[in-house]
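Undergrad: So the sequences go chain by chain: D and G. All the letters of the first sequence, read from the start, carry residue numbers 17 to 400 under this note's numbering. All the letters of the second sequence, read from the start, carry residue numbers 556 to 783 under this note's numbering.
Heads up, a few of these hints could be off.
[Said to hold, decoys possible] Distance condition first, Cα-Cα at most 27 Å in a straight line; then the derived DSS-like pairs of lysine-lysine:
1) D:Lys258 <-> D:Lys199
2) D:Lys254 <-> D:Lys390
3) D:Lys118 <-> D:Lys249
4) D:Lys310 <-> G:Lys633
5) D:Lys358 <-> D:Lys258
6) D:Lys390 <-> G:Lys633
Rather than coming from a laboratory, the hints here were simulated on the basis of the structure. In this text the structure is predicted, and so the values were computed from the model without any measurement.
Residues per chain are reported as follows:
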Amino acid sequence: MLPLRIAVRFLCSNPWQTALITSGMAVAVSIQVFVGLLIGSLQSSLVDSTVRNSPQVTISSGTSVPSIYAWDRIIGIVQRTGLSAAVSPVTAGSAVTIKDEKTYPLILKGVHIAEADRIYRLREAVYAGELYVGSREVLIGRELAAELQSRVGDRLNIILPNGNETIFTIIGLYDLGTAAVNKTWVIANMRTVQQLLGLQGRITSIELSVPDVFAADIVAGDLARELNNSELKIDNWKDQNKELLGALRSQGISSTIIQVVIIFSVIIAISSVLAITVLQKSRQIGILKAMGIKDLSASLIFVLEGLLVGLTGSLLGVGLGLGLLYAFDSFSSGPNGGSTIKISIDYGFIIISWAIAVAASTLAGLIAARRSLKLNPIDVIREG
Amino acid sequence: MANVVDLRNVDKSYRGAVDTRVLFGINLAFEQGSFNSIVGESGSGKSTLLNIIGTLDRPTSGELWLEGRATSLLNADKMAELRNRSIGFVFQSHYLLPEFSAMDNVLMPQLIGNRRVDHSVRKRAEELFDLMGIARVRNNMANKMSGGQQQRTAIARALMNNPRIFLADEPTGNLDSENTAVIYRIFRDVNRQFGTTFIIVTHDRRIAEQTDRIVEIKDGRIVMDLLR
Numbered sequence: 017m018l019p020l021r022i023a024v025r026f027l028c029s030n031p032w033q034t035a036l037i038t039s040g041m042a043v044a045v046s047i048q049v050f051v052g053l054l055i056g057s058l059q060s061s062l063v064d065s066t067v068r069n070s071p072q073v074t075i076s077s078g079t080s081v082p083s084i085y086a087w088d089r090i091i092g093i094v095q096r097t098g099l100s101a102a103v104s105p106v107t108a109g110s111a112v113t114i115k116d117e118k119t120y121p122l123i124l125k126g127v128h129i130a131e132a133d134r135i136y137r138l139r140e141a142v143y144a145g146e147l148y149v150g151s152r153e154v155l156i157g158r159e160l161a162a163e164l165q166s167r168v169g170d171r172l173n174i175i176l177p178n179g180n181e182t183i184f185t186i187i188g189l190y191d192l193g194t195a196a197v198n199k200t201w202v203i204a205n206m207r208t209v210q211q212l213l214g215l216q217g218r219i220t221s222i223e224l225s226v227p228d229v230f231a232a233d234i235v236a237g238d239l240a241r242e243l244n245n246s247e248l249k250i251d252n253w254k255d256q257n258k259e260l261l262g263a264l265r266s267q268g269i270s271s272t273i274i275q276v277v278i279i280f281s282v283i284i285a286i287s288s289v290l291a292i293t294v295l296q297k298s299r300q301i302g303i304l305k306a307m308g309i310k311d312l313s314a315s316l317i318f319v320l321e322g323l324l325v326g327l328t329g330s331l332l333g334v335g336l337g338l339g340l341l342y343a344f345d346s347f348s349s350g351p352n353g354g355s356t357i358k359i360s361i362d363y364g365f366i367i368i369s370w371a372i373a374v375a376a377s378t379l380a381g382l383i384a385a386r387r388s389l390k391l392n393p394i395d396v397i398r399e400g
Numbered sequence: 556m557a558n559v560v561d562l563r564n565v566d567k568s569y570r571g572a573v574d575t576r577v578l579f580g581i582n583l584a585f586e587q588g589s590f591n592s593i594v595g596e597s598g599s600g601k602s603t604l605l606n607i608i609g610t611l612d613r614p615t616s617g618e619l620w621l622e623g624r625a626t627s628l629l630n631a632d633k634m635a636e637l638r639n640r641s642i643g644f645v646f647q648s649h650y651l652l653p654e655f656s657a658m659d660n661v662l663m664p665q666l667i668g669n670r671r672v673d674h675s676v677r678k679r680a681e682e683l684f685d686l687m688g689i690a691r692v693r694n695n696m697a698n699k700m701s702g703g704q705q706q707r708t709a710i711a712r713a714l715m716n717n718p719r720i721f722l723a724d725e726p727t728g729n730l731d732s733e734n735t736a737v738i739y740r741i742f743r744d745v746n747r748q749f750g751t752t753f754i755i756v757t758h759d760r761r762i763a764e765q766t767d768r769i770v771e772i773k774d775g776r777i778v779m780d781l782l783r
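Modelling step: build the complete structure from the supplied sequences, incorporating the hints.
TA: See below:
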């Protein structure tokens, strides 16, 4: 294909200019990929830490009696709808523990460990001891353990609001990634908590995780219709975290604005350089037209130049962007020594960014190509 | 012999602050296989006339017929096809593409015409390099040759598609007398061998006197048409 051959020769004949324009493209795409993936990862990390390791929908009593009867029937209905990914009944109540005359407020949370694990990923969260909890055993969080200076195997004296005291053995330590949770939640066996709180056979809430966390409000609405029980209250994380969602949306918009600006700057920069190329090569285009090259083929040379610069620059840019992300991941560390953000590579985003960059560069070539259409061989020949 | 070029009442004006009329009612025809020159002072309109014959420029009024067809009826693409197939150009400057080798430059008209460059095409290109006496520089880049070699490469390129009409505007203007003599000998050989119609614009009467017909232009009008 002659226009392609000429386009390659034109680009190779001015290596510095080609290197400069390709580098510009690569830098622009690398920033696009880096910023896009970083913000995406940040959002994903935020959602992960806020929502994924906790219930996204919670069913609790909507009456003055804070417990639910016949909860296994409700769970049966929820499971039949197929709207939830995991369901965990919970019996919870407030409690305190005292050490060195200091009172620590707690939430005593009775769960079935296997079911709670599917929501909280306890298996990953427990970093010392065991996950199994017997009748007088509890799991406590990292921050509480640090404040109480407790270790696995130590005793924990829990005092309920009615004044009853119970001594538990700490069987394991967990880290659910949120200091407030780690500091207050004491996870115990469901039956034990029911007995202590005087709620035999009853629970205080049903916690659910859903397949798509961002559809939690829709699932909550659907469940309310299915359950059709005015004595139940159904909450979802989206309604409880409106500020976070607003921040995520703003972040997403800022990321899009950055990317749009980058794309525009790429189009302007490349079309300017290619427009100069049209001027630089006007003599060659003129003589090619005199030899019978058609206007469309002559224009195609500059479109192909844009495409080639776009392909090369954007591939380099994607590599550079991923390299920047890798460097960011390597050099940034949180208080625990691990990375502050869990980097996730969204291949769909990379492919879309790459395709948009190539299309933008080709469009820039098209703008330059329009100039070449106006080139008349007689003008070139008259100039000599 | 049939006329391969036929100009009928051709006028040419250029628009500007003041309109400039360059050609006045030119009626001129060239037979297939003839060897012609157009002479005249600088600014007489001879190059404009050649550019109109080569379809690089359009007449303001009047008609140009090439190979028996009125060019005014052709659109830009058809005109480009006609130029590629039937016309070979050589100018005072060689206008080679510096990004390509001499061989690539010579093959360019074939490539522009979407014709395959097979063994026979390459052989013809090599024959043209031999004819021009520049076979040893055929793989040089276009800007890595002497002025004479570049102009001979430009002539080989103009002949590559075996055009029926060969238009040359001061083709030896930048060359020494030795190169000039060689190139006119080659023109004459090609004219005799392939029956190509030559129209050569020159201001040098000594060169014109080597052609079979001399057309003289003065102030945009034909003042002499001498068949020898």
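Undergrad: Hint by hint, say whether it matches the structure.
TA: Going down the list of hints, with the structure as the test:
The suggested pairing of D:Lys258 with D:Lys199 holds, with an alpha-carbon distance near 24 Å, which does not exceed 27 Å. Restraint check: the Cα-Cα separation between D:Lys254 and D:Lys390 comes to about 58 Å, which exceeds 27 Å; the hinted pair is violated. A hinted pair counts as satisfied when its Cα atoms are at most 27 Å apart, and D:Lys118 with D:Lys249 does not qualify at roughly 35 Å. In summary, the hint linking D:Lys310 to G:Lys633 is supported, as the alpha carbons are separated by about 9 Å, within the 27 Å threshold.
For the hint pairing D:Lys358 with D:Lys258, the CA-to-CA distance comes to about 23 Å; that is within 27 Å, so the pair holds. Taken as a hint, the D:Lys390 and G:Lys633 pair is honoured in the structure, with Cα atoms around 17 Å apart against an allowance of 27 Å.
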